[in-house]
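Peer 1: Work out the full structure, taking the sequences as your base and the hints as a guide.
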Amino acid sequence: MSEIVFSGVRRMFRRNGEDVPALDGIDLTVSEREFVAIVGPSGCGKTTCLRMVAGLEFPSAGEVRVGGAAVRAPGPDRAVVFQQFALFPWKTVAENIEFGLKSKGVANGARHETISRFVELMGLQGYENAFPHQLSGGMQQRVAIARAYALDPAVLLMDEPFGALDAQTRTVMQEELVKLARRNPRTVLFITHAVEEAVYLADRVVVMTRRPGRIREIIDVGAIRRAEDWDRFERIEEVMDQASFVHLRTHIWKLLREQQQPNEH
Amino acid sequence: MSMDRAALTRAESWGLSFAGLAALLVGWTAVASSGLVPPQFLPTPLAVAERFVELTQKPFAGYTIQQHLVSSVGRYLMGFGLAALVGVPLGLAMGWFRWLDEVVSPLFEAVRFVAPIAWVPFAALWFGTGIGGPTLIIFMGAFPPALVNAYRGARFVEPRFIEAAQTLGAGSWRVITQVLLPASVPSIVAGLRISAGLGWQSLVGAELIVASSGIGYLLVKGQAGISTSTVMSGMIAIGIVGFAIDAMLRRVEAAIHARRGR
Amino acid sequence: MRERSGRRIAVALASVGATLVLWQALTATGVIPASRFASPREFWAALAQINGPGYADAKLWQHVLQSCKLVAEGFVVAAGVGVPLGLAMGWSRRFEAFFNPIFLLLRPIPPLAWIPLAIVWLGLGDAAKVMVIFVAAFVPSVINSYTGVRSIEPYLVEAARMLGVRRTAFVAEVMVPAALPHIFTGLRLSLQAAWTTLVAGELVGALRGLGQVLNAAAQDIYPAMILVGMVFVGLCGGAMTWMLWLAEKRAMPWRAA
Numbered sequence: 001m002s003e004i005v006f007s008g009v010r011r012m013f014r015r016n017g018e019d020v021p022a023l024d025g026i027d028l029t030v031s032e033r034e035f036v037a038i039v040g041p042s043g044c045g046k047t048t049c050l051r052m053v054a055g056l057e058f059p060s061a062g063e064v065r066v067g068g069a070a071v072r073a074p075g076p077d078r079a080v081v082f083q084q085f086a087l088f089p090w091k092t093v094a095e096n097i098e099f100g101l102k103s104k105g106v107a108n109g110a111r112h113e114t115i116s117r118f119v120e121l122m123g124l125q126g127y128e129n130a131f132p133h134q135l136s137g138g139m140q141q142r143v144a145i146a147r148a149y150a151l152d153p154a155v156l157l158m159d160e161p162f163g164a165l166d167a168q169t170r171t172v173m174q175e176e177l178v179k180l181a182r183r184n185p186r187t188v189l190f191i192t193h194a195v196e197e198a199v200y201l202a203d204r205v206v207v208m209t210r211r212p213g214r215i216r217e218i219i220d221v222g223a224i225r226r227a228e229d230w231d232r233f234e235r236i237e238e239v240m241d242q243a244s245f246v247h248l249r250t251h252i253w254k255l256l257r258e259q260q261q262p263n264e265h
Numbered sequence: 266m267s268m269d270r271a272a273l274t275r276a277e278s279w280g281l282s283f284a285g286l287a288a289l290l291v292g293w294t295a296v297a298s299s300g301l302v303p304p305q306f307l308p309t310p311l312a313v314a315e316r317f318v319e320l321t322q323k324p325f326a327g328y329t330i331q332q333h334l335v336s337s338v339g340r341y342l343m344g345f346g347l348a349a350l351v352g353v354p355l356g357l358a359m360g361w362f363r364w365l366d367e368v369v370s371p372l373f374e375a376v377r378f379v380a381p382i383a384w385v386p387f388a389a390l391w392f393g394t395g396i397g398g399p400t401l402i403i404f405m406g407a408f409p410p411a412l413v414n415a416y417r418g419a420r421f422v423e424p425r426f427i428e429a430a431q432t433l434g435a436g437s438w439r440v441i442t443q444v445l446l447p448a449s450v451p452s453i454v455a456g457l458r459i460s461a462g463l464g465w466q467s468l469v470g471a472e473l474i475v476a477s478s479g480i481g482y483l484l485v486k487g488q489a490g491i492s493t494s495t496v497m498s499g500m501i502a503i504g505i506v507g508f509a510i511d512a513m514l515r516r517v518e519a520a521i522h523a524r525r526g527r
Numbered sequence: 528m529r530e531r532s533g534r535r536i537a538v539a540l541a542s543v544g545a546t547l548v549l550w551q552a553l554t555a556t557g558v559i560p561a562s563r564f565a566s567p568r569e570f571w572a573a574l575a576q577i578n579g580p581g582y583a584d585a586k587l588w589q590h591v592l593q594s595c596k597l598v599a600e601g602f603v604v605a606a607g608v609g610v611p612l613g614l615a616m617g618w619s620r621r622f623e624a625f626f627n628p629i630f631l632l633l634r635p636i637p638p639l640a641w642i643p644l645a646i647v648w649l650g651l652g653d654a655a656k657v658m659v660i661f662v663a664a665f666v667p668s669v670i671n672s673y674t675g676v677r678s679i680e681p682y683l684v685e686a687a688r689m690l691g692v693r694r695t696a697f698v699a700e701v702m703v704p705a706a707l708p709h710i711f712t713g714l715r716l717s718l719q720a721a722w723t724t725l726v727a728g729e730l731v732g733a734l735r736g737l738g739q740v741l742n743a744a745a746q747d748i749y750p751a752m753i754l755v756g757m758v759f760v761g762l763c764g765g766a767m768t769w770m771l772w773l774a775e776k777r778a779m780p781w782r783a784a
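Top line first, the protein sequences correspond to chains A, B and C. If you're matching positions, the first sequence starts at 1 in this note's numbering and goes up one per residue. If you're matching positions, the second sequence starts at 266 in this note's numbering and goes up one per residue. If you're matching positions, the third sequence starts at 528 in this note's numbering and goes up one per residue.
Keep in mind that the hints were calculated from the coordinates and are not lab data. Beta carbons are placed, not taken as given, at the ideal position from N, Cα and C, and that holds for glycine. Just so you know, not all the hints are guaranteed correct.
Unchecked claim - The following residues of chain C were derived to be distant from chain A, with all beta-carbon distances above 12 Å: (1) THR546; (2) ALA552; (3) GLN589; (4) VAL604; (5) ILE629; (6) TRP648; (7) THR768; (8) MET770.
Stated by the list, open to error - Distance condition first, Cα-Cα at most 30 Å in a straight line; then the derived DSBU-like pairs of lysine-lysine: (9) C/LYS776 - A/LYS102; (10) A/LYS102 - A/LYS91; (11) A/LYS179 - A/LYS102; (12) A/LYS91 - C/LYS776.
Peer 2: Below you can see the structure in the form of structure tokens.
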């Protein structure tokens, strides 16, 4: 029901009157409840892939299907968490979380119950009536995640969600997301620049080439995580200290390094 | 749902714009020709165009329309020039020297809320219908934006520019001329553009009341003679000059921004 | 910081005070002739006159009321038509393409230039003034509302679409609130234009109003009354701007102070 399938997806864009390929033939399947992270150099088209699943952009060739149906438009079944948070500044925290529920037609009582549940889950107690500008970046992104989860979406799409946060907040959010994802599993597509983040969070990591973007390699991180039992550690730094983790990270780093040309901007 | 922001094709865009303009002109012509309104009150667009051309050849209220315009532009340049010459240096100085800001600002704020047009009675009292009157009113209109924007440009220069200059050993005078002044230029130019626009508007207002020549005077005389085509011709002329002034200053602004790589 | 602002106020008062003293001195000694400008004492006398027995056929409050009434009428209609039109032009590229040329033509014509035309069409009464006030206030409202919609961050629109927001809800709960800051800028500019145009219109010809006070005082060569008129033009303009500012604060409680 929530499987994501990319079949022969190509995406062109026009530059100086010419058609330039941004994505050049992507074939990828994200299984139900699987957490897949995409890493790659800037401009490789990883965000474009996410936006095509979201229905905010469309392929020039090939198809993107979710749960068997072709993607035609954005919708709450494929909830998006944006890098810029995209909270509505004129709505309170509670109202922001509520907005999608109202559009879905969820009844008043059920809405309030859901909001309370997610406020508690994301540690937002006491901030229900605050406006976004009163919150730190990390808190705002928690609200954005709560808003997405409250929709009970089949698919969760996260576009460099922690990119705008400082390093310490970022680490905390990664830990929280892992706990959340284990407790509330669903199909997740996660875009990031940070290799460590991808290895820590994902079941599989897709490494893309630079433009025109193709899939270079897909690494089954989950298998190693289970084999080495990383989940026994509470803290992220303990996981990142594991030899198996370092090995994976370095491998992916090398793949990405190959992509860099000298004097690349 | 989606906002209808998809880019229109060239054809669609031009087509709709043409349609809008056409609707206006056609509607106007229809009402004018229908006989509902006497022709002096609402001439057809064509009649206005004809009258405009006529005014470039036959004098009305003393001069042809170009001569009236030249007269107006002359006054305008005096008032605007004065506003720029006084406003920009004063604004810069207020931005650099706190004490000056503290002394002058309260006085400026007090007078600021008085619409420039309200100075007309004093202008008439002090200058009659001479050139001083409109100049004063244009000055009162053009002065505040010139001052305020020069002030902002001077005051809000990035501190790191100043610090960089100082660490490089520049003395106060050099800091002012080589760092503060160039840094303020975009603000100054933006202010002058607004200033120019407000000054032109003030000129028109002034000439409606205290002039014996000029484009505003032409409007008044046209109105007195119930010649709508004359009045509309005057309005078009005013619009064209105002647009030209703004376009020129936008060019200057763009050139400055281009040089700075914005 | 407290010390700083206390000092600022002191300097401000000193500056204003010094100016007043200078004013008194210049007028008392005759450096500024009485026919050209008024002394502070004469100003007060004129103020008392217009307040009490009245001037130009009415008392001060009647003149103020008349002026403010016309501004309110023109402004409200202009904003009521202009803001929705600007929003619609921002929403729809088609709308924008259709109405744009009309605005490009109207925009360069200064509002005051409409006064003679309004007088030809509607005479010297209130109707002509309201028409010109409308024209003056209309354009800034449209343009700024349009800009307000065009400047909405794209990711907010995408978030709304992702959340499945329907059209009416989108307009009411996303587009309008997002555009409000720009809308208020437009309203502020509209009000300014409306007030200026009103004063100009009344200077040209009116039975009552602050502009008429200025006019009559100019004809009577009564500098003190001109000054009174100008002061109240400033005060009323300032008061209306302040009220709009209050409305803005109430309408957007979410803004960082």
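Peer 1: Would you mind marking each hint as holding or not holding in the structure?
Peer 2: Hint-by-hint comparison with the structure:
1. THR546: 41 Å, holds
2. ALA552: About 52 Å separates C/ALA552 from the closest Cβ of chain A, which puts it past 12 Å; holds.
3. GLN589: Given that every Cβ of chain A is farther than 12 Å from that of C/GLN589, nearest at about 41 Å, it holds.
4. VAL604: 27 Å, holds
5. ILE629: 32 Å, holds
6. TRP648: 42 Å, holds
7. THR768: C/THR768 is indeed farther than 12 Å from all Cβ atoms of chain A, at 24 Å.
8. MET770: 22 Å, holds
9. C/LYS776 - A/LYS102: 27 Å, holds
10. A/LYS102 - A/LYS91: 14 Å, holds
11. A/LYS179 - A/LYS102: 27 Å, holds
12. A/LYS91 - C/LYS776: 15 Å, holds
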